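Number of protein chains: 2
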Amino acid sequence: MNNIGIIGAGSIGLLFASYLAKAFSVTLYTRTSEQAEVINQKGIILQKGRTQRRVSVKALPISKWKGTEELTIIAVKQYQLQSIIDHFRNFNCSPKNLLFLQNGMSHLTLLEKIDAATILVGTVEQGASRVNSNTVRHNGEGTVNAALYKGKPEILLELAEACVHIDFPFTIKDNYYQMMVNKLIANAVINPLTAILQVKNGELITNTFYFAAVKKLFLEISSILNLEDPIRKFRDMIRICKKTGENQSSMLKDLEEGRRTEVDAILGFLLDEANKQQKSAINIENYFYLLKGKEKAKEGVN
Amino acid sequence: MNNIGIIGAGSIGLLFASYLAKAFSVTLYTRTSEQAEVINQKGIILQKGRTQRRVSVKALPISKWKGTEELTIIAVKQYQLQSIIDHFRNFNCSPKNLLFLQNGMSHLTLLEKIDAATILVGTVEQGASRVNSNTVRHNGEGTVNAALYKGKPEILLELAEACVHIDFPFTIKDNYYQMMVNKLIANAVINPLTAILQVKNGELITNTFYFAAVKKLFLEISSILNLEDPIRKFRDMIRICKKTGENQSSMLKDLEEGRRTEVDAILGFLLDEANKQQKSAINIENYFYLLKGKEKAKEGVN
Numbered sequence: 208m209n210n211i212g213i214i215g216a217g218s219i220g221l222l223f224a225s226y227l228a229k230a231f232s233v234t235l236y237t238r239t240s241e242q243a244e245v246i247n248q249k250g251i252i253l254q255k256g257r258t259q260r261r262v263s264v265k266a267l268p269i270s271k272w273k274g275t276e277e278l279t280i281i282a283v284k285q286y287q288l289q290s291i292i293d294h295f296r297n298f299n300c301s302p303k304n305l306l307f308l309q310n311g312m313s314h315l316t317l318l319e320k321i322d323a324a325t326i327l328v329g330t331v332e333q334g335a336s337r338v339n340s341n342t343v344r345h346n347g348e349g350t351v352n353a354a355l356y357k358g359k360p361e362i363l364l365e366l367a368e369a370c371v372h373i374d375f376p377f378t379i380k381d382n383y384y385q386m387m388v389n390k391l392i393a394n395a396v397i398n399p400l401t402a403i404l405q406v407k408n409g410e411l412i413t414n415t416f417y418f419a420a421v422k423k424l425f426l427e428i429s430s431i432l433n434l435e436d437p438i439r440k441f442r443d444m445i446r447i448c449k450k451t452g453e454n455q456s457s458m459l460k461d462l463e464e465g466r467r468t469e470v471d472a473i474l475g476f477l478l479d480e481a482n483k484q485q486k487s488a489i490n491i492e493n494y495f496y497l498l499k500g501k502e503k504a505k506e507g508v509n
Numbered sequence: 208m209n210n211i212g213i214i215g216a217g218s219i220g221l222l223f224a225s226y227l228a229k230a231f232s233v234t235l236y237t238r239t240s241e242q243a244e245v246i247n248q249k250g251i252i253l254q255k256g257r258t259q260r261r262v263s264v265k266a267l268p269i270s271k272w273k274g275t276e277e278l279t280i281i282a283v284k285q286y287q288l289q290s291i292i293d294h295f296r297n298f299n300c301s302p303k304n305l306l307f308l309q310n311g312m313s314h315l316t317l318l319e320k321i322d323a324a325t326i327l328v329g330t331v332e333q334g335a336s337r338v339n340s341n342t343v344r345h346n347g348e349g350t351v352n353a354a355l356y357k358g359k360p361e362i363l364l365e366l367a368e369a370c371v372h373i374d375f376p377f378t379i380k381d382n383y384y385q386m387m388v389n390k391l392i393a394n395a396v397i398n399p400l401t402a403i404l405q406v407k408n409g410e411l412i413t414n415t416f417y418f419a420a421v422k423k424l425f426l427e428i429s430s431i432l433n434l435e436d437p438i439r440k441f442r443d444m445i446r447i448c449k450k451t452g453e454n455q456s457s458m459l460k461d462l463e464e465g466r467r468t469e470v471d472a473i474l475g476f477l478l479d480e481a482n483k484q485q486k487s488a489i490n491i492e493n494y495f496y497l498l499k500g501k502e503k504a505k506e507g508v509n
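Chains as they are written, first to last, in my numbering: chain A, 208 to 509; chain B, 208 to 509.
Same chains, same label: a pair holds when it works inside one copy or across any pair of copies.
With a cut-off of at most 20 angstroms between alpha-carbon atoms, the simulated SDA-like pairs for lysine to any residue come out as follows:
id	residue 1	residue 2
1	422	487
2	503	419
3	505	455
4	505	410
Bear in mind the hints are in silico, worked out from the structure with no lab data behind them. Quantities reported herein were computed from a predicted structural model and do not represent experimental measurements.
Starting from the given sequences, assemble the full structure and let the hints guide the process.
Here it is as structure tokens:
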């Protein structure tokens, strides 16, 4: 594998492009041609701690994507995924191998319909913030979990192997569903609470009242996901919350910066599951309304 | 009735003192002797719209209260009430007639034990903000509802009659419980939601997602209070929310100014009731945790 395409040049797309460019020939597909131009001229600036370095990456607007790369990583938000999939169809081309990095689990139903040789899914445990259209800040060391959703595992093994050498670890997971459930739990508890309370992740643990709200929300999620080992999953979630204690969650950042959040992919998915199973989801529903309301208020259309 | 004592010189105490001084000889009892001194020297400044006027009122620190006035209005927060009642006991004097203006309903159990000729309770539908220790801003025209809790109604009739002439209406209610339930509903829905979302009251109606959360919270409260006419009560609450649309709720102001909120008197009361009746109160409990957590964070002790 030589060529990798990355669709989406937000924080995750810029982060992946700047690291993977050390091992692969990367093409970054951007939503706007302006952003592609900036990246072609100035490269991607990768900031980490007090250092920063410039990485040369070829960038093209998404309209130029033809699916010719051996692997295409889809690093757009869940709510932008449908338009990307439509784009695949319009070009009437079958992408070879795809890796999807969306939060939540509502995109799994979309993946079923995609005609590709191999589909991988990943969950990103790397802190990254987009500073501007060609600058990304990498906060802290994490990993990218990846698992096979459909097809053959070779491409995943090759990717993980190459990434060992570039200080950007991939952790291969056997069970994509379990992997995504783990991420979903953290996203569904930490994101809504921090976004509504406007606090850093760590405060959910240190403030005993917030922690009481964390536990109630977790129990509802645990019931809906039919978790077999809820205590272990709870501890895992707490570990993530502590490890990222000084960070603002992505949902809090989205709200603060007037962007749409991933509430539909995260809490919307859980509400659908609760409905299907006829289970109670009072807290999830409440946070769903509060967050959709916040989004609406930020749009200035309320 | 000539003499009225008012205990508590926050927004409500200052507002009542500045209006009632037109018809009665008012003594305002303050928590600190410094505040009493300022009021004695500079009077109370009552701001309304673009005008302001100075009202001379006698002020004394609370330690000087002897219960000699014919009516004493208790205008402290619910969480300060116990110390006032202890003070009554320490002086070993039976206050003649008392009017309690606290929000919530958790103070009703305290009132049962007070030895006074007449006890009135009131709910304030006047917008007031304390600007500084001797200045209060009166926002909008409202009323004070008052009802007999124990004793004889004469003092209430006399008060309402006198207040007709001073542009500070008292509305007499037959049933103190219904009166307080009405206020509790508005307080329990509007205060927590606006305080957590940091929005003005009116946004709860205009933002359709916030409105969905309003309805869910109201339904829980309605069930706990065993409301006989929930639709009418819901409409009443909406009317208050619209009428005060441009206001910040007291709980939002309390949080913004780092003060303790009335969450115990309002949501705490409802949680106790829910427990007694073994009813579900998932949303109420959640808002209780979020608000207690916000209070704790503001104290800087989390």
